[in-house]
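Participant: Residue numbers (our numbering), protein chains in the order written: chain H, 10 to 429; chain A, 728 to 1162; chain U, 1000 to 1262.
The hints are simulated quantities; they were obtained by calculation from the structure and are not laboratory data.
A few of these clues could be false.
To be verified - With a Cα cut of at most 25 Å, we get these calculated BS3-like pairs of lysine-lysine:
| hint | chain 1 | residue 1 | chain 2 | residue 2 |
| --- | --- | --- | --- | --- |
| 1 | U | Lys1122 | U | Lys1076 |
| 2 | U | Lys1122 | U | Lys1211 |
| 3 | H | Lys224 | H | Lys312 |
| 4 | H | Lys312 | A | Lys847 |
| 5 | A | Lys847 | U | Lys1076 |
| 6 | U | Lys1122 | U | Lys1177 |
| 7 | A | Lys1057 | H | Lys224 |
| 8 | A | Lys847 | H | Lys224 |
As the list claims (entries may be wrong) - Covered stretches of chain A (in silico footprint by chain U; criterion: 3 or more residues with CB under 8 Å from a CB of chain U, positions within the stretch not fixed):
| hint | region |
| --- | --- |
| 9 | 921–931 |
| 10 | 936–947 |
All residues carry an ideal CB built from backbone N, CA and C; glycine is no exception.
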Amino acid sequence: MSPYPNVILYEEQSNFMQASPLLQEFHPGPALLILAWVVVWGGIGGVVTPRIYRRRDLDASKATLYGTIAGAGLGPILLIILWTKTPELDWRWNVIPSLTALGLLYWAFATYHPANLCVTSGTYVISQVSNGILIGILYGVIAIGLTLIFSILGIVSFAHGQFYMLGGYAAFFTISQTMGAGLHPIIGLLMAGLITFVIGVVFEYTLLRPMHLGKVERPGEYAILLTFGLAFFLEYSALAILGANPRKVDPFFNLGNITIGAITLPPSRVIAAGIGLLILVILLWFLNYTWLGKALRAVSQDKQAAAVVGINPLNMNTLAFGLGAMLAGLSGAALVQVLAWVPNIGALASTRSFVVIVLGGMGSLPGAMIGGIVIGIVESLGVGCFPDVSRALAYQQVFGMIIFAVVLLLKPTGLFGREL
Amino acid sequence: MMRTVIAWALGIIAVVFLALIPFVYDVFPSFPPGLVNEYTLHVLIVGFYFAMLASSWSLLMGYGGQFSFAHLAFAGIGAYTTGLMGRYLGTHALTGIIAGTLMAGLFGLVIGMLVLRLRKTYLALFTIAFAEIFRLVISAEKDFTEGPNGLPVEPLFPNGLNIAGYHFDKVDKLPPYFIMLALLLISLALMSWLAASRFGLFLRAIREDEEAAAALGVDVVRYKVLVFVITSMVAGLAGAVRAHYVTVITPNDMIILWMSLVITMSVLGGIESLIASAIGGIVVFVLLEYLRTNFLTTSVMAVVLTVILAPTLYYLSRYAARRWFNSPLKGRTRTFAIIAAAVVALVIGIAVREPVTTGLSYAYYDMTGSLFPETIDMSAWRLVFFGIVLMLTLRFYQNGLLYPVMQYYFRPGSLKETVAKREAAAAIAETEAGS
Amino acid sequence: MNAQPRPIHLEVRNLTKNFGGLQALNNVSFEIHGPELVGLIGPNGAGKTTLTNLLDGALTPTSGTIYLNGRRIDGNKPYQIARAGLGRTFQVTRSFRRMTVMENLLVPAMAMHATASRKELEKQAWEVLEFLTFEHLAHEYARSLSGGQQKLLELGRLLMLDPDIIILDEPFAGVHPKLMEKIYEYITTVNARHKAFIIISHDMDTIFTLSKRLLVLNFGELIADGTPEEVRRDPAVIEAYLGEEEEEELPAAGNQAQTEGDT
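Same shape as in the complex, but just chain H (with noise of 0.2 Å):
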């Protein structure tokens, strides 16, 4: 019934994938103690750290998460410290921690599969990671938009991941030798940011203005139905128009292979991961040193007060829904050169971009591009490590969306609060 039978987003593989010796050597037994023991104590540290701060009249907003963590982490080392002296919790409580919880979880993947390439190949390991590190700066650059959006708007888009997919296709269009116009990839990567800002800033002024205006009845209901009726036009659009094979392009510049010591990085990921780069800093000196990016900053905090200084809000609100489609078109753009371009790439975009702004803090844009590394990170070795790589594919999402789920439950504000 679906439109797409069979096509399921297989993402580029890294070559190491083909190679990997997968002995049926597996150890069960001391992985699940380890991973055991992590529960038990992060449950542990979560049920009980919040009381104790409450009992002590102290905020325990953050107690809950925090505890977890320091129980996963740490164990009842921590926890009695926390219990004890229950510091004021600020982020430098999570780091130490989160990173012994992954030492954990990695041990615990190393006994049970001990002949992994994870295991046994540490250059295997750094070349997943800074893949991961790579692509995850654009997970940072779409998400980014995403949050710019919602710290203006208050609302999340969900056809985000819809731009993410019109930019791609926009760039391939534009750049292809035998498809498309065959134009030189910078002109792609404008063509991209121009027709997703162009299409994002039409939407917003045509459909969600009136939402500001007071002319629709369910201002919050009608944002999400209404994003979400986007998404489902853009995809159809791009399918009916385009088709479903999948499209790509080769890399925008030829670098060859890159090799840092004992990794190569593909050069398609690394020219990305430099355009990204690039859309960051312009992104930064376009917030910071232009008078509509510090009016715009000036509108996420206070609406009033950006009002009665002379912003029209309104304004500020289609400009910044244009940019935040631009930012994923031109991930896109980037991205076309990496991955094989479907249709339906944007709604795994979109979930992920979920992902990376509640983990890294509604409306918070560092915590946007760090979630965003984190998920490449995770994405990369997940693939990388699991044995059965349908499977993983599968479940690297799953978690992703647990995580999601829990953080949501747990501290709707996402890890890392809200700033712009």
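Put chains A and U on the given structure of chain H with help from the hints.
Facilitator: Below, chains A and U without anything else, positioned relative to chain H:
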């Protein structure tokens, strides 16, 4: 009074019509040619399934204000419960359907309790996450669920069915048709009763303002969880029965596309009316199937022309009324203008469909050098069409297309209210003039 | 509304509430016996709204107890407290906007009377509508009412809830004089029907004439509890208000004569 009678009469006629459709097919196998056949019945059966989903979603969303994207996941829970039970435990279809319904209700209970604190966007994100987790796990666990290849499910009556000396084969469409129709009507009746009772009243109060409702003695938690349980049970039931009808279920039945379509159905019908949502469900699904292959053939061209022309004509007449007669269209005049515009558009559409299609096909030939295909694969375009319709409906008809009409003509007491409203306006004008 | 008077007794003992390290309410104790009309005043941030939320169950106290008619209600859910006989309004009007006036009134009635038939409750609602002179608006959506009418509707909902104690959060804020008169009348009439009121207000003139007893909060502490005359002379109260800002000066004794009597 009159309106109530008309409303009931129309409702009964619609139900009787739906109940008679299969007999037209059965008694006169070739009448009317191509209109009622196995395929039509199939489309209607699946249409009923979507009607159940859309109406229960509108109870959850329109009445309760609980934004859930996980509705198809609940249908999937129902389907996979009965499918897996039948496969591994060898249970009967009926047992499986009951278990599926209960299982969906149980999940609804858990989800409902988890999301008590979440509102609007966060709830939407959470339910998307839940739906995706469920779908991905089903896809990944191929050894257990067959994954994307699809899990085979027993038909509803594996040995066929004997009623009054007539034998229905297991692939016969009649028994599932009536079962699905009956389930739709029962669940609609049940949910409408609930919506009209204190349950519905409290749900709407919670939707409007949770804290105020609690301060007035409404047990918010209980009703929020309850609405999740009830609507997921309806979804689970629909999913389980459909699983036994289509006899193979895949995780693709739960992709976000189908959720978008359920939303479209509900929004087009009217998100705050169960019956309008159900009708929206049937109509949208029938249209979806119809548009799959038939686009740009002459009959569809007529529909398209009508759809384009009708609003144009209406807005033109509205403009004319304002410009030259200096009175905005209101009340009966407005209704008349709408109907007149629709009829005129339809007539024009039918009249010019042939030349327009021919002209288009010549143009197509000139441009491509190949003949215009009689039918085109519309499987993606029809979705584009519904995407546009969804957005426009949301923007301009927030109460849906059908519900306002139903409300205006058929709601008992609406006449009294109109009179009361007029009096109220007069009273306000009077006090303003007096002070 | 009901014929035989019920005993009304609210007892707040050593109520304390902390938010994180911030102490919003400290050791507040008071009692209300019978159908009193109590004003609750205090400078901004004194803890008035916190106290209301604690009484209503929206917040749970850090320590201390609240008894309503001999039943301990602190830690109960808002709906339980509402059913136990304590109703409130909010600072901003919170009518159910996309429900009709009649439905708005039926919500509390149905929540209170689980078994009563809808017809019976509707009859009761018509009485309330008559009292508010709202009969002609019964089937209007609440969102089409004016701001003042919505405020009256909220008060009408409280009548349907039929509580013993009614807390009004800023009933006079931002209303025009005519409506103010109407609300004033509502309070005195309903008070005469054996209901206690706790009224939070910044409108000193009105609150000093309306209420027979005043509670004054400052920095989370109850600094005065007595008749308006006593409170006006209380040095702690004078200091609290003078220390705050000049706009909120206590009304001079003469102001009282300007407004009409209160029963």
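Participant: Now, for every hint given, state plainly whether the structure supports it.
Facilitator: Against the structure, the hints:
no.: 1; hint: Lys1122(U) to Lys1076(U); result: violated, 29 Å
no.: 2; hint: Lys1122(U) to Lys1211(U); result: violated, 34 Å
no.: 3; hint: Lys224(H) to Lys312(H); result: holds, 19 Å
no.: 4; hint: Lys312(H) to Lys847(A); result: holds, 21 Å
no.: 5; hint: Lys847(A) to Lys1076(U); result: holds, 23 Å
no.: 6; hint: Lys1122(U) to Lys1177(U); result: violated, 28 Å
no.: 7; hint: Lys1057(A) to Lys224(H); result: holds, 20 Å
no.: 8; hint: Lys847(A) to Lys224(H); result: holds, 19 Å
no.: 9; hint: 921–931; result: holds (count 4)
no.: 10; hint: 936–947; result: holds (count 11)
Of the numbered hints listed earlier, those contradicted by the structure are 1, 2 and 6.
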